[in-house]
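Here the structure of chain A is known, so what remains is to put chain B in place on it, guided by the hints.
So the sequences go chain by chain: A and B.
This note's numbering numbers the first residue of the first sequence as 8 and each following residue consecutively.
This note's numbering numbers the first residue of the second sequence as 12 and each following residue consecutively.
Hints in this document: simulated from the structure, not taken from any laboratory.
Hints may be right or wrong, so weigh each one.
As the list claims (entries may be wrong) - Pair ranges (Cβ atoms, derived): (1) A:134 <-> B:93: 25 to 31 Å; (2) B:31 <-> A:364: 44 to 50 Å; (3) B:74 <-> A:134: 21 to 27 Å; (4) A:329 <-> B:312: 16 to 22 Å; (5) A:132 <-> B:31: 22 to 28 Å; (6) B:385 <-> A:71: 49 to 55 Å; (7) B:83 <-> A:332: 48 to 54 Å.
All residues carry an ideal CB built from backbone N, CA and C; glycine is no exception.
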Amino acid sequence: MIALNHFLCRTKTAFGTQALTHLPFDLSGMNARKPFVITDQAARDAGVHLALARACRDTHLALGVVTLTEAGDLETLYHLFVDKGYDSIIALGTGQVVQTAKALNLAVCHGPERLRSPAGPGQIKGPLLPLVYIPTHPETGQDTAGETFFSGHCFVSANLMPDIAVITADTMLGTPRTAVLDSGLSSLATCCETFAFSGNLFARSYAHAVICLVMDTLLPLAQQSDHGELLCQKAGKLQQLPLAKLAHAAAVSGYIQSNLPDLKTRQAGAHITAIHPAPSAALSSGLCMALALVHLLENSKDTCPWLGKLLLPLTDAAHYAGVTGPEQPDASVRVIRELLHALSETLPQGMPKTLDAAGLTSRQISEMSDLLTYVQP
Amino acid sequence: MVIPDYYEFSSRALIMAGHDALEQIPGLLLSMDAQKPMVITDQGVRRAGLVDILLQALDSRITVKTIQDDVPADSDLKTVHTLAGEYKKYGCNAIIALGGGSVMDTAKGVNILVSASSDNLLAFSGANALTHTLNPLVAVPTTAGTGSEVTRVAVISDTDNLRKLLFTSDFLIPDAAILDPRMTLTLPAPVTAATAMDALSHAVEACLCLGRNPLSTAHAHEAIALISHNLLPVIRQPDHKPGRLALATGAALAGMAFSNSMVGMVHTLGHAAGSVCHAAHGACMAVLLPYGMVYNLHKTQPLLADLLLPMAGADVYARTQPADRAQKAIDWVDRMNQRLHQATAGAHAVCLREIKSQDGKSRVTGHLLPKIAHTALGDGSIFYNPEDLDYDDCLMVLEAAFDGAPLDPSRVKKG
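So that you can see chain A by itself, here it is in the shape it has in the complex (with noise of 0.2 Å):
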């Protein structure tokens, strides 16, 4: 155990069927009676603001809604918010519709002025509104991190991280098969790095669960989900599931990704998505975390204190304790290769397993050397 661990998440998650019918309740708990709805236009095609709507009838609470391209700039947002006294937010949908909630609530409590200059961990002070994250796809980690990007500017602070998460099959969007891996892999890399390495016990334990949860869903989910989805549809029966199960674990991987900051796979995924050649559509940035991840583990196990364990997670108690201990290392990484083959074949195009076949060179790779080995602190 290291000399200090700090474990902050600021967010309770709602799970299931019922998370959108406890709402009312958990806003009540937080003294929110007018709840500013900010959404997007997939989400509203959907009807998905029905569903919210649905729940909150015959409550106190009266609900306003906003779908992103009808409402213009922040600016519109803030001022709608400010002269309908409006309470609270919740962000239905994800990526855009929650980083402007999260600016507009800096905007709200803060004043306008404060997104004019980025602000670092410790600069916003005092609490924010009410936030309650409501997401349509699964995503990246990046809607439940305590961290917004406004015009160029990056503003950190923990009380940016939602309130509330409610996560639900009822809400859930088509997903591109493409998104689903994206989401499913990020989430992976971010967890399996916290587990293989990271001595903060409380990081772990989130990471754990995550990393069950993606792998009781992502093969299956991706094999299910059409390449060309129409997000702007309320995903099939059978995957709707699936794919709360994915964005739950996104979210939580978003609570890591708060107190790490400093993830080597984050770090080499923005790292090579920035300098390969092929559009990001092609390599999105949970594939290169999941292929910077099979380097980092394979570069590390000598060093690496618990990457025998991240079988566990990764398969079970019976396959782990079966494994000898000196040969769980290899398993765990095997078990990680073996998924990202299973993967490229629900592909039709398939997908790169290893950085060289991803196009980066050997000098790129050995350049990026620090961000794909560990060394013990």
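Frame of chain A, contents of chain B only:
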């Protein structure tokens, strides 16, 4: 992985765990604009010198306005009201709770009153009666057991009306939990044993009971591994700082787990025994834990079997036939109690009749068992137990646990 149809998981305390974690408190209080804390503790903690260690860790930026060390063993309404008055009198703007479960619960009660500017704690009892953030509260546990430093619950006695008031709200979760091994180094072996078994019971019930979910189970398994691997070494070498930190971390993880999954019959019966006989909570948990596991065995066999891995390690797990793993996990807890009994020269009780008061008298007597069973039926945790329990079931388990006799499987209902 089986996921329930619906579940929630929330653990909002900032956790700082480490060998010099206390030294983080000044920066933490400053970040919350809370430079004028009140310290709430008890006389035992003060006599052990822990208040002095805390004060040395605070620097000149922090002004401790008052130190209140009159918290009784069972947190009560009068103490809460008195301390709330002191908080206002000294112009405090934060609380540092330094102690075990009673100190934590008292501090949570005081924080309700001073944050709401109220003098009626009863108005906030029950579930989710709080609707606003409370003043800053930093929890520094001096035992590794209750997990109260990370939970959303406070239990405060209303001694005038002979009842215990339950308060539950996410706002009751302390802003920060500081886990520093210096705070538990002087704990006597029997207290170390009983509080660690309390934490173990939180973790085991979090895995078995009806509110379990993937996040609570992951936290509970990590807690079980930490407690299992470190408890006996710490009993043998009390000043082993890494072991102490591991136990404190295990207790916090177990607290995060059970706070989100709830607990079952081990706590149902333990709460009742504590209420009727004033028996130490940790001692009751240690004795009752294997009985709860046996009682629920037929409904939780695969879950119990999974516990053998964090308890006994991969080698034992692999060597044990799958069908025998659940029973082996129960045997492991039994054996842990026996080894703690030996390591503490008999001070760690292995049956209810062995739980003693400080003057050496038995706390739990045979004629009180029916009253304990009756009281247990009113405990909320009974609803989360995998198997149903009625009065006769409670009495049957208590009678067996009283003498340390095995539970007769043929008398356990198989609902």
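Status of each hint after checking the structure:
For the pair residue 134 of chain A and residue 93 of chain B, the beta carbons lie near 30 Å from each other, so the given range of 25 to 31 Å is met. Restraint check, residue 31 of chain B to residue 364 of chain A: a C-beta distance of roughly 47 Å satisfies the suggested window 44 to 50 Å. Between residue 74 of chain B and residue 134 of chain A, the C-beta spacing of about 24 Å keeps the proposed range 21 to 27 Å intact. Between residue 329 of chain A and residue 312 of chain B the C-beta distance comes to about 20 Å, which sits within the given range of 16 to 22 Å.
The supplied range of 22 to 28 Å is met by residue 132 of chain A and residue 31 of chain B, whose beta-carbon atoms lie about 25 Å from each other. Separated by about 53 Å at the C-beta atoms, residue 385 of chain B and residue 71 of chain A satisfy the suggested range of 49 to 55 Å. One distance hint, 48 to 54 Å for the beta-carbon pair residue 83 of chain B and residue 332 of chain A, holds here, with the actual separation near 49 Å.
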